[in-house]
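Asks: Protein chains in written order, with my numbering: chain A, 346 to 680; chain B, 346 to 680.
Since the hints were derived computationally from the structure, they do not count as laboratory data. As the structure is a computational prediction, the values presented were derived from the model and not from experiment. Heads up, a few of these hints could be off.
If several chains are the same, the list does not tell them apart, and a pair holds so long as it fits within one copy or across any two.
Lysine to aspartate or glutamate pairs mimicking EDC-like chemistry, simulated, CA-CA at most 20 Å apart [as the list claims (entries may be wrong)]:
no., residue 1, residue 2
1, Lys483, Glu352
2, Lys635, Asp599
3, Lys483, Asp599
4, Lys483, Glu637
5, Lys483, Asp628
6, Lys422, Glu455
7, Lys483, Glu455
8, Lys635, Glu364
9, Lys422, Glu437
10, Lys483, Glu622
11, Lys483, Glu611
12, Lys483, Glu668
13, Lys635, Glu455
14, Lys483, Asp521
15, Lys483, Glu623
16, Lys422, Glu623
17, Lys635, Asp521
18, Lys635, Glu614
19, Lys422, Asp361
20, Lys422, Glu557
2 protein chains.
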Amino acid sequence: MHLSELETPSVIIDLDRLEANILRLQNYLSHYGIANRPHVKTHKIPAIAHLQINAGAVGITCQKLGEAEVMAEAGIKDIFLPYNLIGAAKLERLMNLARQVRMSVTADSEIIVRGLSAAVQGAGLTLPVLVECDTGAKRCGVQSPEAAAELARLIARSPGLHFGGFMTYPNSEQLDPFMRAAKHRLAEQGLTVECVSGGGTPQMWQAHTHRELTEHRAGMYLYGDRYTLRSGAMALADCSFRVRATVVSRPTPDMLSLEGHGLITEYPEAQIYSLSEEHGHVDISRCASKPEVGEAVMIIPNHCCVVTNLANEVVGVRRGEVEVIWPVAARGQVQ
Amino acid sequence: MHLSELETPSVIIDLDRLEANILRLQNYLSHYGIANRPHVKTHKIPAIAHLQINAGAVGITCQKLGEAEVMAEAGIKDIFLPYNLIGAAKLERLMNLARQVRMSVTADSEIIVRGLSAAVQGAGLTLPVLVECDTGAKRCGVQSPEAAAELARLIARSPGLHFGGFMTYPNSEQLDPFMRAAKHRLAEQGLTVECVSGGGTPQMWQAHTHRELTEHRAGMYLYGDRYTLRSGAMALADCSFRVRATVVSRPTPDMLSLEGHGLITEYPEAQIYSLSEEHGHVDISRCASKPEVGEAVMIIPNHCCVVTNLANEVVGVRRGEVEVIWPVAARGQVQ
Chain A
346 MHLSELETPS
356 VIIDLDRLEA
366 NILRLQNYLS
376 HYGIANRPHV
386 KTHKIPAIAH
396 LQINAGAVGI
406 TCQKLGEAEV
416 MAEAGIKDIF
426 LPYNLIGAAK
436 LERLMNLARQ
446 VRMSVTADSE
456 IIVRGLSAAV
466 QGAGLTLPVL
476 VECDTGAKRC
486 GVQSPEAAAE
496 LARLIARSPG
506 LHFGGFMTYP
516 NSEQLDPFMR
526 AAKHRLAEQG
536 LTVECVSGGG
546 TPQMWQAHTH
556 RELTEHRAGM
566 YLYGDRYTLR
576 SGAMALADCS
586 FRVRATVVSR
596 PTPDMLSLEG
606 HGLITEYPEA
616 QIYSLSEEHG
626 HVDISRCASK
636 PEVGEAVMII
646 PNHCCVVTNL
656 ANEVVGVRRG
666 EVEVIWPVAA
676 RGQVQ
Chain B
346 MHLSELETPS
356 VIIDLDRLEA
366 NILRLQNYLS
376 HYGIANRPHV
386 KTHKIPAIAH
396 LQINAGAVGI
406 TCQKLGEAEV
416 MAEAGIKDIF
426 LPYNLIGAAK
436 LERLMNLARQ
446 VRMSVTADSE
456 IIVRGLSAAV
466 QGAGLTLPVL
476 VECDTGAKRC
486 GVQSPEAAAE
496 LARLIARSPG
506 LHFGGFMTYP
516 NSEQLDPFMR
526 AAKHRLAEQG
536 LTVECVSGGG
546 TPQMWQAHTH
556 RELTEHRAGM
566 YLYGDRYTLR
576 SGAMALADCS
586 FRVRATVVSR
596 PTPDMLSLEG
606 HGLITEYPEA
616 QIYSLSEEHG
626 HVDISRCASK
636 PEVGEAVMII
646 PNHCCVVTNL
656 ANEVVGVRRG
666 EVEVIWPVAA
676 RGQVQ
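Next up, chain A with everything else stripped away, as it sits in the complex:
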C-alpha cells in the first residue's frame, strides 16, 4: 500500500531516514568513546528500541515506570529511569523491574535516596543511583557541586544502593565545571564517578566537546521536528517523522483548516497560526499556489514526542510504501 492510500491523519515514519539517523548518532558517539543511551520517550516503540540497541546503544532511557515496564517486557535489558521515584506503589514496581533487567535511577534529595534504600533492602537487590544535577535548566536536580558530592556520599553509604555517577539535562556550558568540581570533592574521599550522563538532541553533535561526559541521552534525533530543525542539529532531509493530514475546510481564500500542526512541507510559506483539538488553522495568504479542500499534506510537527503520545500507532514507510504498522506500545503510561 502506498502512503497516499492511508486514512488521515496518520503518523508516518520514513524507515530509511530513521535507520540513517540511528546509525549516524551511534557512529559519532562511538567515535568519541561516549556511551549512547537513547531516550525512548520520543518513540515509545519496543521495535525501535531494539534497532537502537542493535546499532550499539548500551541501553535505553525511559521517563516513566510504565514505559520501562513495556520495554522490559519486550526484552530490553538495561534501562535508566532519570526520575525521582517516591511512594510504596512506585518503589514496588521499580523492584519488580530491577529483578528482571539492569535498572538504574536518579535522585536529587535525601528523601528520595532513603526511600530507594529502604525498598532495595526489602527486595535484597543492589540499585545504581545517579545524582541529578541542575546545570542551568532550572528543572530538577541538586543546585551545586557541593550538594551533588554530598548526595553521592549518602547514596554510597546507603544499604542496597550503588553510587552510579552524575546525570544532567541538557548538556550546557556549566556541565564540565560542575562535574569537575563535584568529582574533585568526591576524589578527596576516595569515591570515583563511573558515569557522567548528559543529554539532548539539539546538543548532540557537541557531546565530544564536554570532556567530563561519558554517556549521552538523545531522544528526538531519530525522528526530528521543527524544534530540532531550529536548533540546527538536523536538516529537513533528515526528518523521518511526519503527520499526514487533509485540508477539510477553506472558509476564506487565505484561511484553511486541516487536521494537524507544524511545518507543512508542501507549502512552507503557510503559517499554522492556531490549533484547536481537531483542527489546525492556517494562513495561506503567502502561498503562491494554495492547497484545496480534500488535499493531503505532510506536516513536520513542532515537537515529535508529544505527537507520539497522542497516537495509538505509527506507520513505517520505505520509499512511500507502507512496510510496518507499529503500535505505540508504551504511550499513555501516565504513571
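Fit chain B to the known structure of chain A by using the hints.
Replies: Here is chain B on its own, set in the frame of chain A:
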C-alpha cells in the same frame, strides 16, 4: 479504597459533582425548551454519555468518527458529528454508523456536500446535514447568511441528503442576526430551518438569550477547568475533575517539580510557570506554607478535554472513596 491510596498521577472525577453538573445544565436548557446535545469529547466515556442521555439529552455530539464508533457500539442512538468528512474511507465509516444509529453531520462547502451525497446514495440512506456557520470564531464555516442559505439549498436538493439546519460554535452576539438573515432567505423559497445548534460551556447560561437557538452543545460543563472558572460559568465548588499529583523535587526553597499542571487547589498561591512532558514546574515563593517532596496535591487543569485524551482511565470517587474506574474508551481516536 480512599483516593489517597491511589498511585499518582491519577485523574479523579467527583461523582456527586459530576451528576449535579449534568442535571443543572439539563434542567436549565429544558426550562427554556432548548435541546441539550452534550459534546462527549470532554469525557470520551460511554457510561457518562448514558448519564447525560438518561438525564434528558436528545443525543450526543462527537468530534471524530472514532469517537462516534465507540459511542454507537456502547448503545448511544443519536450522534451529531460537526466535522467536514471527506475521502472514501471516512465516508464508508460514516455510512456504517448511519446504518446503526441516527447520524447527522455538517458541511461548509460544496465539495463536502457532494461527497456526502454520493456516499449516501450508494448506501441507500438519508443523512441530515447541517450547514456550519462562522459567527465570529474564524475557524470553519460559511462566512455569510447568504452563503449559508445557498449551501442549505444545495443540501436540500442533493439526493440522499436532508437539510438539517444551521450549526455554529461558540454562541456569540452574531448568532441571532446571522441565523435570522439566513432563515429569511430560505423562507422565501419555502425551506424551513428545523434546528439552530450552538454551543460552548462558557456561554451555556446565556443560551436562552439567543432567540434563534434550538439546541445547545456543551462539553466541559460536567467537569470544569481553569478555563471554565475564568469564564465565570462555573465555580470552584462545581469542578468535578482533578489531577492528583505528587511533589517529586524541591530543588530550591521556592521551586518544586510535580507531575501535572493547572491550579493547585491546596496551594492556590502557587504558580505553575512551566511544563515539560513529565514535570510541572511551580513557583511557591508566595505560599505561606510550602508543599514537601512526597506530598500529593489536587490540581484543576487549564483544559480538561486535553487531559482526558492523555489518560487511559479515570477514577470516579464519591466523598473520597473510589467507586468506579472508567476506561477512557474513545480516547486516542486520531481519525
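Asks: Give a verdict on every hint.
Replies: Hints and how they fare:
Taking CA atoms no more than 20 Å apart as the test, Lys483 paired with Glu352 passes in neither setting, with 42 Å inside one copy and 26 Å between copies. For the identical chains of this complex, Lys635 and Asp599 are intra-copy neighbours only, at 8 Å inside a copy versus 50 Å across copies, given an alpha-carbon limit of 20 Å. Within a single copy, Lys483 and Asp599 get their C-alpha atoms only as close as 41 Å, which misses the 20 Å cut-off; across copies the closest is 12 Å, which meets it. Within a single copy, Lys483 and Glu637 get their C-alpha atoms only as close as 45 Å, which misses the 20 Å cut-off; across copies the closest is 18 Å, which meets it.
Taking the shortest Cα distances, Lys483 and Asp628 sit within 20 Å of each other only across copies (11 Å), while inside one copy they are farther apart (36 Å). With identical chains, the CA atoms of Lys422 and Glu455 are never at most 20 Å apart, being 28 Å at best within one copy and 56 Å at best between copies. Taking CA atoms no more than 20 Å apart as the test, Lys483 paired with Glu455 passes inside one copy only; the shortest distance there is 19 Å, against 53 Å between copies. For the identical chains of this complex, Lys635 and Glu364 are neighbours neither inside a copy (34 Å) nor across copies (48 Å), given an alpha-carbon limit of 20 Å.
For the identical chains of this complex, Lys422 and Glu437 are intra-copy neighbours only, at 19 Å inside a copy versus 45 Å across copies, given an alpha-carbon limit of 20 Å. In this homomeric assembly, Lys483 and Glu622 come within 20 Å of each other (Cα to Cα) only across copies, at 15 Å, whereas the closest approach inside a single copy is 30 Å. With identical chains, the CA atoms of Lys483 and Glu611 are never at most 20 Å apart, being 38 Å at best within one copy and 24 Å at best between copies. Taking CA atoms no more than 20 Å apart as the test, Lys483 paired with Glu668 passes in neither setting, with 42 Å inside one copy and 40 Å between copies.
For the homomeric pair Lys635 and Glu455, the shortest alpha-carbon distance between copies (18 Å) is at most 20 Å, but the shortest distance inside one copy (59 Å) is not. For the identical chains of this complex, Lys483 and Asp521 are intra-copy neighbours only, at 17 Å inside a copy versus 51 Å across copies, given an alpha-carbon limit of 20 Å. For the identical chains of this complex, Lys483 and Glu623 are inter-copy neighbours only, at 15 Å across copies versus 33 Å inside a copy, given an alpha-carbon limit of 20 Å. For the identical chains of this complex, Lys422 and Glu623 are neighbours neither inside a copy (39 Å) nor across copies (23 Å), given an alpha-carbon limit of 20 Å.
In this assembly of identical chains, the alpha carbons of Lys635 and Asp521 never lie at most 20 Å apart, being 50 Å within a copy and 33 Å across copies at closest. Taking the shortest alpha-carbon separations for Lys635 and Glu614, only the intra-copy value of 10 Å comes in at or below 20 Å, while the best inter-copy value is 48 Å. When the C-alpha separation of Lys422 and Asp361 is checked against a cutoff of 20 Å, the pair qualifies neither within a copy, at 26 Å, nor between copies, at 46 Å. For the homomeric pair Lys422 and Glu557, neither the shortest alpha-carbon distance inside one copy (26 Å) nor that between copies (64 Å) is at most 20 Å.
In summary, the structure is inconsistent with hints 1, 6, 8, 11, 12, 16, 17, 19 and 20 from the numbered list given earlier, while agreeing with the others.
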